[in-house]
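Trainee: Chain by chain, the residues run as shown.
Protein chains: 2
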Amino acid sequence: MAETKWPGCAGGLKAVVLDMCGVLYDSEPGRTVAIPGSVEAVNRLMSSDLQLRFCTNETQSSRDKFVAMLQTAGFDISVSQIFAPAPAAVAVLNERGLRPHLLVHDGVLSEFDSVDKTDPNCVVIGDAAEKFSYQNLNDAFRVLTGLEKPLLFSLGQGRYYKETNGLSLDVGVYMKALEYACDLKAEVIGKPSPRFFQSVLNDMGLQPHEVLMIGDDLVNDVGGAQNCGMKGIQVRTGKYRPSDEKHLTVTADGTVDNLSQAVDMILSQRGG
Amino acid sequence: MAETKWPGCAGGLKAVVLDMCGVLYDSEPGRTVAIPGSVEAVNRLMSSDLQLRFCTNETQSSRDKFVAMLQTAGFDISVSQIFAPAPAAVAVLNERGLRPHLLVHDGVLSEFDSVDKTDPNCVVIGDAAEKFSYQNLNDAFRVLTGLEKPLLFSLGQGRYYKETNGLSLDVGVYMKALEYACDLKAEVIGKPSPRFFQSVLNDMGLQPHEVLMIGDDLVNDVGGAQNCGMKGIQVRTGKYRPSDEKHLTVTADGTVDNLSQAVDMILSQRGG
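Line by line, the protein sequences are chains B and X.
Going by UniProt numbering, the first residue of the first sequence is number 1, and it counts up by one from there.
Going by UniProt numbering, the first residue of the second sequence is number 1, and it counts up by one from there.
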């Protein structure tokens, strides 16, 4: 077992923010499998005096469906605890009076029910998977080229994710495709955008140094949180790779085998 | 009519290289329409003592089918005069002992008939249009991530092209997508790659300063040829835009209304 690195992250801690896929569970086609010990670890955090939020770049389902799916895997989490790119995008669209052309997964469409989508003046892409057909990408491209000021929002910027049958292309790849086609820079909504982490802090009414982020993605979870002044812990589950511990630009504040071990460390340091 | 700029490009000229789409013809769904005067202009060049080659980034059909299509539009051109990315790629693959996974248009597949495609050790993408499905792009991505040294060849790097029903995404967009997904840099085969222009020069046995390139694409045709030491003329047909004449990095050696006018200038300067 690799060495646990934990230089006293839990001092003055008031809240924990958890990434979901790869920390709580692994995804298999058609089902969600809890990572051993993670259901109990979440319950222990909930029973503590720490605030708890979940921060995901999941854009294949609405939070309602997501919570239901998590329940079948044993997690008892409420919609209000979950921060995801789609509702964050809706907030941005409303704030700036924008009407999106959507290229997103069918599962997440209901999050955009309240948004005016007529005569679009921007494009929003999410992890649309099979919906990333040539026709659909071309349609999004034509909307962008038809705008005086082309405006593209991307729900995350991941390169790929792991499924049991292999790696699958994530939304960032199609963001880069449209950026090149239209010669523009997309606005990323979701991790590692500082605005996204800040919205979680605002919701809890806390300062960054009072909050610890735990994730399996070194750049988007750990690096993103650190850029906002939070501490960032990486777990050796999900998309973790040993090379992460020698990364050139991001160094986690701690590295542990899994969520269960992280919660052990946090609660024992607090005498909990 | 805009001003003709023609600072004596034809001095010492021994050959002309023509781009095809946007110079000879415009593409409409299901048919090819000759640009007025271009059939006759090609015939006049053929009757002169100048060598003539055609240099295209067309990767939706084999040269055989391409020549047949051009014939219906009135052009009498032979396969041996046409330089296109697919046969150039075949030469590279043979030279380096590479076995490609192909993500190309069905129409161009026959150009790769002679190539061993078992147990692929590289990926070749062309303008696959509707074949750029999520599944197919993911398959190409998985081949690349499975290689010790991922190697991607792109048949061109265009952003988009114009069809009568609007703009359509070109191969360069998908090249950028895979570059980001795999954190690599593709090798571009076709214009504006210097290697591609050099193969045309080699075929004619000429030095760059003896050859004039005529195209509608300022960066890929004109700039690419100039980078090899050839002169580059832009026509105001096809994808030409007035802003090209104020481009920051590429300045054509001459700008004319169309191919017919270019050939007038060339032949009159030569006393032809």
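By construction, these hints were calculated from the structure, which means they are not laboratory data.
These numbers were taken from a predicted model, which means no experiment stands behind them.
Fair warning: there could be bad hints in the mix.
Which copy is meant is left open, because identical chains are indistinguishable; a pair holds if it fits in one copy or across any two.
To be verified - Here are the computed lysine-lysine pairs in the DSS-like style, where the Cα-Cα straight-line distance is at most 25 angstroms:
#1 Lys239 with Lys65
#2 Lys185 with Lys5
#3 Lys162 with Lys149
#4 Lys149 with Lys239
#5 Lys149 with Lys5
#6 Lys185 with Lys246
#7 Lys14 with Lys246
#8 Lys149 with Lys246
#9 Lys65 with Lys185
#10 Lys162 with Lys14
#11 Lys239 with Lys117
#12 Lys162 with Lys131
#13 Lys185 with Lys14
#14 Lys14 with Lys117
#15 Lys239 with Lys5
#16 Lys14 with Lys149
Trainee: Each hint should be assessed against the structure and marked as holding or not.
Mentor: To see whether the hints hold, each was checked on the structure:
In the homo-oligomer, the alpha carbons of Lys239 and Lys65 lie at most 25 angstroms apart inside one protomer (23 angstroms), although the nearest pairing across protomers, at 47 angstroms, exceeds that limit. With identical chains, the CA atoms of Lys185 and Lys5 are never at most 25 angstroms apart, being 37 angstroms at best within one copy and 35 angstroms at best between copies. Taking the shortest alpha-carbon separations for Lys162 and Lys149, only the inter-copy value of 20 angstroms comes in at or below 25 angstroms, while the best intra-copy value is 35 angstroms. For the homomeric pair Lys149 and Lys239, the shortest alpha-carbon distance between copies (21 angstroms) is at most 25 angstroms, but the shortest distance inside one copy (37 angstroms) is not.
Taking the shortest alpha-carbon separations for Lys149 and Lys5, neither the intra-copy value of 47 angstroms nor the inter-copy value of 33 angstroms comes in at or below 25 angstroms. Only between protomers do Lys185 and Lys246 lie at most 25 angstroms apart by alpha-carbon distance; the minimum there is 23 angstroms, versus 29 angstroms within a single protomer. Taking the closest pair of Cα atoms, Lys14 and Lys246 never come within 25 angstroms of each other, the shortest separation being 29 angstroms inside a single copy and 58 angstroms across copies. With identical chains, the CA atoms of Lys149 and Lys246 are at most 25 angstroms apart between copies only, with a shortest distance of 21 angstroms across copies and 41 angstroms within one.
Taking identical chains as interchangeable, the C-alpha atoms of Lys65 and Lys185 are never at most 25 angstroms apart, the minima being 31 angstroms within one chain and 39 angstroms between chains. Taking the shortest alpha-carbon separations for Lys162 and Lys14, neither the intra-copy value of 32 angstroms nor the inter-copy value of 57 angstroms comes in at or below 25 angstroms. Taking the shortest alpha-carbon separations for Lys239 and Lys117, neither the intra-copy value of 35 angstroms nor the inter-copy value of 32 angstroms comes in at or below 25 angstroms. In the homo-oligomer, the alpha carbons of Lys162 and Lys131 lie at most 25 angstroms apart both inside one protomer (18 angstroms) and across protomers (23 angstroms), since each shortest distance falls under that limit.
In the homo-oligomer, the alpha carbons of Lys185 and Lys14 never lie at most 25 angstroms apart, since the shortest distance is 36 angstroms inside one protomer and 44 angstroms across protomers. When the C-alpha separation of Lys14 and Lys117 is checked against a cutoff of 25 angstroms, the pair qualifies neither within a copy, at 40 angstroms, nor between copies, at 58 angstroms. Proximity of Lys239 to Lys5 under the C-alpha cut-off of 25 angstroms is restricted to the intra-copy arrangement: shortest distance 18 angstroms within a copy versus 58 angstroms between copies. In this assembly of identical chains, Lys14 and Lys149 lie within 25 angstroms of each other by CA distance neither inside one copy nor across copies; the values are 43 angstroms within and 46 angstroms between.
Of the hints listed earlier, those the structure fails to meet are numbers 2, 5, 7, 9, 10, 11, 13, 14, 16, in rising order.
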